[in-house]
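There are 2 protein chains.
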Amino acid sequence: MKLYYAANSCALACHIALEEAGADYEAAKLDMRNGDLQRPEYLAINPKGRVPALVTAEGVLTETPAILAFVANAFPGSQLAPLDNDFSFARVHAFNIYLCSTVHVAHAHGYRGYRWADDDTSLADMRQKLPRTMGACFELIETSMLVGPFVMGEAYTICDPYLFTMARYAQWDGVEIERFPKVSEHVRLMLDRPAVRKVLAMHT
Amino acid sequence: MKLYYAANSCALACHIALEEAGADYEAAKLDMRNGDLQRPEYLAINPKGRVPALVTAEGVLTETPAILAFVANAFPGSQLAPLDNDFSFARVHAFNIYLCSTVHVAHAHGYRGYRWADDDTSLADMRQKLPRTMGACFELIETSMLVGPFVMGEAYTICDPYLFTMARYAQWDGVEIERFPKVSEHVRLMLDRPAVRKVLAMHT
Numbered sequence: 001m002k003l004y005y006a007a008n009s010c011a012l013a014c015h016i017a018l019e020e021a022g023a024d025y026e027a028a029k030l031d032m033r034n035g036d037l038q039r040p041e042y043l044a045i046n047p048k049g050r051v052p053a054l055v056t057a058e059g060v061l062t063e064t065p066a067i068l069a070f071v072a073n074a075f076p077g078s079q080l081a082p083l084d085n086d087f088s089f090a091r092v093h094a095f096n097i098y099l100c101s102t103v104h105v106a107h108a109h110g111y112r113g114y115r116w117a118d119d120d121t122s123l124a125d126m127r128q129k130l131p132r133t134m135g136a137c138f139e140l141i142e143t144s145m146l147v148g149p150f151v152m153g154e155a156y157t158i159c160d161p162y163l164f165t166m167a168r169y170a171q172w173d174g175v176e177i178e179r180f181p182k183v184s185e186h187v188r189l190m191l192d193r194p195a196v197r198k199v200l201a202m203h204t
Numbered sequence: 001m002k003l004y005y006a007a008n009s010c011a012l013a014c015h016i017a018l019e020e021a022g023a024d025y026e027a028a029k030l031d032m033r034n035g036d037l038q039r040p041e042y043l044a045i046n047p048k049g050r051v052p053a054l055v056t057a058e059g060v061l062t063e064t065p066a067i068l069a070f071v072a073n074a075f076p077g078s079q080l081a082p083l084d085n086d087f088s089f090a091r092v093h094a095f096n097i098y099l100c101s102t103v104h105v106a107h108a109h110g111y112r113g114y115r116w117a118d119d120d121t122s123l124a125d126m127r128q129k130l131p132r133t134m135g136a137c138f139e140l141i142e143t144s145m146l147v148g149p150f151v152m153g154e155a156y157t158i159c160d161p162y163l164f165t166m167a168r169y170a171q172w173d174g175v176e177i178e179r180f181p182k183v184s185e186h187v188r189l190m191l192d193r194p195a196v197r198k199v200l201a202m203h204t
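Protein chains in written order, with the numbering used here: chain A, 1 to 204; chain H, 1 to 204.
Hints may contain errors.
Since the list gives no way to pick one copy over another, a pair counts as held whenever it fits inside one copy or between any two copies.
As the list claims (entries may be wrong) - Pairs of lysine-lysine, BS3-like flavour, derived with a Cα cap of 25 Å:
1. Lys198 x Lys29
2. Lys182 x Lys48
3. Lys48 x Lys129
4. Lys2 x Lys48
To be clear, the hints were calculated from the coordinates, so they are not data collected in a lab.
Isolated chain A (complex conformation) (with noise of 0.2 Å):
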């Protein structure tokens, strides 16, 4: 398997993933900032051109909560999701569909407002309310899904990856994660986890 990434973006999560998993696989490093996503080469493996993408042995497999299911079924023995029960892995699915499709979405009003919106006005208009945007998800995450200590409990599955990185992103946005105990601490067993701190060593 090949993974596609750049630094720091949102696929660290699955690139932590693949390394708890014990995964055989390759990652290859893209730059957003000089354009290698929207290259020919880039855009006939993932004609989003955006990463993350997974190269398997089947084909190609993009969004982030796909990728993290797919790893989590590949690898069994590594017990990232509650792959026999049906609920359960629903469960798993849905916090971090969560974390796609509204917290990652709130983070990328600060940087790349022009997806949604023309004026430099709007622009700055979205940057000024993403740390109240952020701040929103984080307490909803505090309060109401974040089990403990890890995102389902006791057991790490897939979804701890993913909340760690929007936790990173909350803290660029402006987000003072240590009003949230539950997610600091989670940010905290999440760096003394070596798969972590391997991963984290490739995103510089």
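Add chain H to chain A, keeping to what the hints say.
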């Protein structure tokens, strides 16, 4: 099971899927405009204050792609997803997650821009860009995602009611769906299905 929905919200996709699966379920209609989604009794079910929410014997599920996958797994006889192939199922997920995190998000900027910006001029800017952002999404769906006649090819899956729901949004957003032959044919095929007709009548 009990599906909480609002007329013409993205809950339409889950509603159709439950119907196609032959599920024994109750549909509870909420009215977004009179604040049903923010009432304490609904927030106790779904703290996000959004629809859909599916109450199951094991607990509450949210997020359209997660609910759709759960329905496909819970009713294997209805063959709403390639349950025996992890990669193919991951592709189904990836398509639905694109609709959730990119297409539905683009649509929301025409109506709920206040989630990400404060000024009226910013919201107007988002609204004027809407036909272009939704048009670009459907261009990508037409050229690189929708196999035809259904999203994944000959087999009807949980991707189809969700694409149908987003294609309705695109039309409301000023996209001339006729520009996209495969999407137009998909809408026509969907409107022929008894489950779709039955559920649409409950979304007026």
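So, going through the hints one by one against the coordinates:
no. : hint           : verdict
1   : Lys198 x Lys29 : within (15 Å within a copy, 49 Å between copies)
2   : Lys182 x Lys48 : between (35 Å within a copy, 19 Å between copies)
3   : Lys48 x Lys129 : between (27 Å within a copy, 19 Å between copies)
4   : Lys2 x Lys48   : within (17 Å within a copy, 36 Å between copies)
In this structure, every one of the numbered hints holds.
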